[in-house]
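A.B. asks: Protein chains in written order, with our numbering: chain A, 90 to 218; chain B, 90 to 218; chain C, 90 to 218; chain D, 90 to 218.
Some hints here could point you the wrong way.
The list treats identical chains as interchangeable, and a pair is accepted whether it falls inside one copy or across any two copies.
[To be verified] The list that follows gives simulated cross-link-like pairs (lysine to any residue, SDA-like), each with its CA atoms no further than 25 Å apart:
#, residue 1, residue 2
1, 194, 154
2, 194, 171
3, 194, 140
4, 194, 156
5, 194, 169
6, 137, 186
7, 194, 210
8, 194, 148
9, 194, 182
10, 194, 139
11, 137, 215
12, 137, 197
13, 137, 160
14, 137, 175
15, 137, 113
16, 194, 216
17, 137, 107
18, 137, 214
19, 194, 138
20, 194, 178
21, 194, 174
Please keep in mind that the hints were generated in silico from the structure rather than gathered at the bench.
Read off the chains here:
Number of protein chains: 4
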Amino acid sequence: MPHQFTCRVYYEDTDMAGIVYHANFLKFIERARSEWVAALGIDQREMKDRDGQVFVVRRIECDYLMPAYYGDDLRVDTSPAQVTGARMVLHQVVRRGDDILFDAKVTLVVIGAAGQPMRLPGALRQQLH
Amino acid sequence: MPHQFTCRVYYEDTDMAGIVYHANFLKFIERARSEWVAALGIDQREMKDRDGQVFVVRRIECDYLMPAYYGDDLRVDTSPAQVTGARMVLHQVVRRGDDILFDAKVTLVVIGAAGQPMRLPGALRQQLH
Amino acid sequence: MPHQFTCRVYYEDTDMAGIVYHANFLKFIERARSEWVAALGIDQREMKDRDGQVFVVRRIECDYLMPAYYGDDLRVDTSPAQVTGARMVLHQVVRRGDDILFDAKVTLVVIGAAGQPMRLPGALRQQLH
Amino acid sequence: MPHQFTCRVYYEDTDMAGIVYHANFLKFIERARSEWVAALGIDQREMKDRDGQVFVVRRIECDYLMPAYYGDDLRVDTSPAQVTGARMVLHQVVRRGDDILFDAKVTLVVIGAAGQPMRLPGALRQQLH
Chain A
90 MPHQFTCRVY
100 YEDTDMAGIV
110 YHANFLKFIE
120 RARSEWVAAL
130 GIDQREMKDR
140 DGQVFVVRRI
150 ECDYLMPAYY
160 GDDLRVDTSP
170 AQVTGARMVL
180 HQVVRRGDDI
190 LFDAKVTLVV
200 IGAAGQPMRL
210 PGALRQQLH
Chain B
90 MPHQFTCRVY
100 YEDTDMAGIV
110 YHANFLKFIE
120 RARSEWVAAL
130 GIDQREMKDR
140 DGQVFVVRRI
150 ECDYLMPAYY
160 GDDLRVDTSP
170 AQVTGARMVL
180 HQVVRRGDDI
190 LFDAKVTLVV
200 IGAAGQPMRL
210 PGALRQQLH
Chain C
90 MPHQFTCRVY
100 YEDTDMAGIV
110 YHANFLKFIE
120 RARSEWVAAL
130 GIDQREMKDR
140 DGQVFVVRRI
150 ECDYLMPAYY
160 GDDLRVDTSP
170 AQVTGARMVL
180 HQVVRRGDDI
190 LFDAKVTLVV
200 IGAAGQPMRL
210 PGALRQQLH
Chain D
90 MPHQFTCRVY
100 YEDTDMAGIV
110 YHANFLKFIE
120 RARSEWVAAL
130 GIDQREMKDR
140 DGQVFVVRRI
150 ECDYLMPAYY
160 GDDLRVDTSP
170 AQVTGARMVL
180 HQVVRRGDDI
190 LFDAKVTLVV
200 IGAAGQPMRL
210 PGALRQQLH
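All chains should be modelled from the sequences, with the hints used to inform the complete structure.
C.D. replies: Printed below as a string of structure tokens:
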């Protein structure tokens with residue numbers, strides 16, 4: 090079962106084409122990742138303040154399939170597609186009702202205070218096992 | 090009773106000072122206004138698509154009292170401070186628990202498709218009567 | 090020769106990790122596309138206001154190779170990788186000096202007022218011929 | 090003579106009303122402040138990395154007088170209105186040609202790593218003397 094997150098489209102998300110500005114879909118799916126990670130017991134703020142560690146996006150492949158509009162209630166489904174010791178690939182899909190609006194594969198790593206690659210937190214490494 | 094809206098702080102909202110970027114408080118309070126207006130039965134998308142009418146911010150006075158951080162759950166209280174036929178002033182306060190982080194007076198008008206000032210929707214004009 | 094566009098990183102672009110927030114690279118490369126398209130004699134505002142036509146992003150594949158920081162002067166190189174009648178793929182690279190920070194392939198189409206696919210403007214269709 | 094900064098409006102700045110989203114004017118004037126401060130010889134990134142000090146907005150009063158549109162070339166004029174040891178008020182005006190679109194008074198302070206108020210850098214304290 091993918092992790093589910095919902096959000097609503099506000100004025101700030103739209104552009105003069107009358108639809109959600111394309112870069113803002115990346116914000117929606119990052120909110121979803123934040124909630125997914127928190128649900129696994131990982132406190133991103135503590136990771137950063139105590140350990141100097143942050144998640145960093147390494148690669149994104151995404152398809153924009155249908156536009157989203159002001160007032161839309163969107164659902165983001167997040168599921169791990171591949172998790173190794175130091176890297177994970179998430180599959181994230183944004184839906185409005187039954188319609189798929191946006192489909193992304195996002196590759197993430199964790200880096201330390203000096204920018205060096207770190208092992209993923211254990212709670213994440215166990216996601217595909 | 091003010092209208093209440095809650096939102097959470099995500100990565101997108103923060104800046105390199107480690108706190109919410111100041112302009113993003115304006116986004117939070119606009120989300121709250123959107124929900125307040127919707128709760129009064131006004132459909133902003135229909136207003137725009139059918140009548141070419143949009144709300145426009147005319148003036149903001151705001152004080153930044155305390156910073157907000159990643160993961161904070163914020164509450165926005167919105168209450169009408171002054172409503173005339175064509176203009177309204179809202180008082181909007183952002184809180185985290187008992188702390189007031191941000192306090193704003195926002196003046197709004199409605200303009201038509203040609204940019205001309207319009208009367209406020211009736212549901213808004215009745216708010217202070 | 091790719092089209093070149095430069096921009097500077099400001100506070101708004103950064104996040105609490107102290108680097109440019111990943112989604113904001115999409116804004117940088119869109120600014121570059123806007124300038125590239127304008128340099129080809131295409132007026133996006135007129136396209137929209139007169140013809141109801143807008144460019145829409147259909148797909149992005151991008152790699153984040155190195156972080157960008159406040160105050161960095163970035164250069165975006167834009168070159169057409171593939172152009173057919175109704176679709177174009179652009180290769181866009183963000184550099185700081187000799188370092189490549191971000192590398193993207195962006196697929197774009199033009200849609201009309203009713204959302205229907207349109208032929209690309211002639212000035213674009215001639216880019217790879 | 091006020092400090093002058095120019096910027097262009099891109100797609101990211103607009104909203105579904107077809108104009109620049111109101112909160113984005115705060116981004117434009119912050120870019121201008123960054124350039125003004127840099128022109129006075131103050132390196133904000135070094136201030137933060139070496140001394141843990143950052144500028145913080147305390148209060149904004151602003152009037153939205155005319156809308157800005159995609160493709161507009163805007164000029165931001167920045168001039169100090171009041172500077173004391175620990176606080177400064179800047180007057181910032183956004184123009185398109187001869188038209189004034191936005192007029193703001195912004196109050197800023199500098200805080201240290203623990204959030205405590207600091208004296209403004211000397212180069213700023215001398216601005217009104």
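A.B. asks: Now tell me if each hint is right for this structure.
C.D. replies: Structure-based check of each hint:
For the identical chains of this complex, residue 194 and residue 154 are neighbours both inside a copy (14 Å) and across copies (17 Å), given an alpha-carbon limit of 25 Å. For a Cα distance limit of 25 Å, the shortest separation of residue 194 from residue 171 qualifies both inside one copy, at 10 Å, and across copies, at 23 Å. For the identical chains of this complex, residue 194 and residue 140 are neighbours neither inside a copy (27 Å) nor across copies (34 Å), given an alpha-carbon limit of 25 Å. Both within a single protomer and between protomers do residue 194 and residue 156 lie at most 25 Å apart by alpha-carbon distance, with minima of 18 Å and 20 Å respectively.
Taking identical chains as interchangeable, the C-alpha atoms of residue 194 and residue 169 lie at most 25 Å apart whether they share a chain (9 Å) or sit on different chains (24 Å). Taking the shortest alpha-carbon separations for residue 137 and residue 186, only the inter-copy value of 23 Å comes in at or below 25 Å, while the best intra-copy value is 36 Å. Within a single copy, residue 194 and residue 210 get their C-alpha atoms as close as 20 Å, which meets the 25 Å cut-off; across copies the closest is 31 Å, which misses it. For a Cα distance limit of 25 Å, the shortest separation of residue 194 from residue 148 qualifies both inside one copy, at 8 Å, and across copies, at 12 Å.
Both within a single protomer and between protomers do residue 194 and residue 182 lie at most 25 Å apart by alpha-carbon distance, with minima of 9 Å and 20 Å respectively. For the identical chains of this complex, residue 194 and residue 139 are neighbours neither inside a copy (29 Å) nor across copies (37 Å), given an alpha-carbon limit of 25 Å. In this homomeric assembly, residue 137 and residue 215 come within 25 Å of each other (Cα to Cα) only inside a single copy, at 21 Å, whereas the closest approach across copies is 37 Å. In this homomeric assembly, residue 137 and residue 197 come within 25 Å of each other (Cα to Cα) only inside a single copy, at 16 Å, whereas the closest approach across copies is 27 Å.
For the identical chains of this complex, residue 137 and residue 160 are inter-copy neighbours only, at 12 Å across copies versus 34 Å inside a copy, given an alpha-carbon limit of 25 Å. In this assembly of identical chains, the alpha carbons of residue 137 and residue 175 lie at most 25 Å apart only when taken from the same copy (17 Å versus 30 Å across copies). Taking the shortest alpha-carbon separations for residue 137 and residue 113, both the intra-copy value of 24 Å and the inter-copy value of 21 Å come in at or below 25 Å. For a Cα distance limit of 25 Å, the shortest separation of residue 194 from residue 216 inside one copy, 16 Å, qualifies, whereas the shortest one across copies, 30 Å, does not.
Taking the closest pair of Cα atoms, residue 137 and residue 107 come within 25 Å of each other only across two copies (10 Å); inside a single copy the shortest separation is 37 Å, beyond that limit. Taking identical chains as interchangeable, the C-alpha atoms of residue 137 and residue 214 lie at most 25 Å apart only when both belong to the same chain, with a minimum of 19 Å there against 34 Å between chains. In this assembly of identical chains, the alpha carbons of residue 194 and residue 138 never lie at most 25 Å apart, being 28 Å within a copy and 34 Å across copies at closest. Taking CA atoms no more than 25 Å apart as the test, residue 194 paired with residue 178 passes in both settings, with 6 Å inside one copy and 19 Å between copies.
For the homomeric pair residue 194 and residue 174, the shortest alpha-carbon distance inside one copy (18 Å) is at most 25 Å, but the shortest distance between copies (28 Å) is not.
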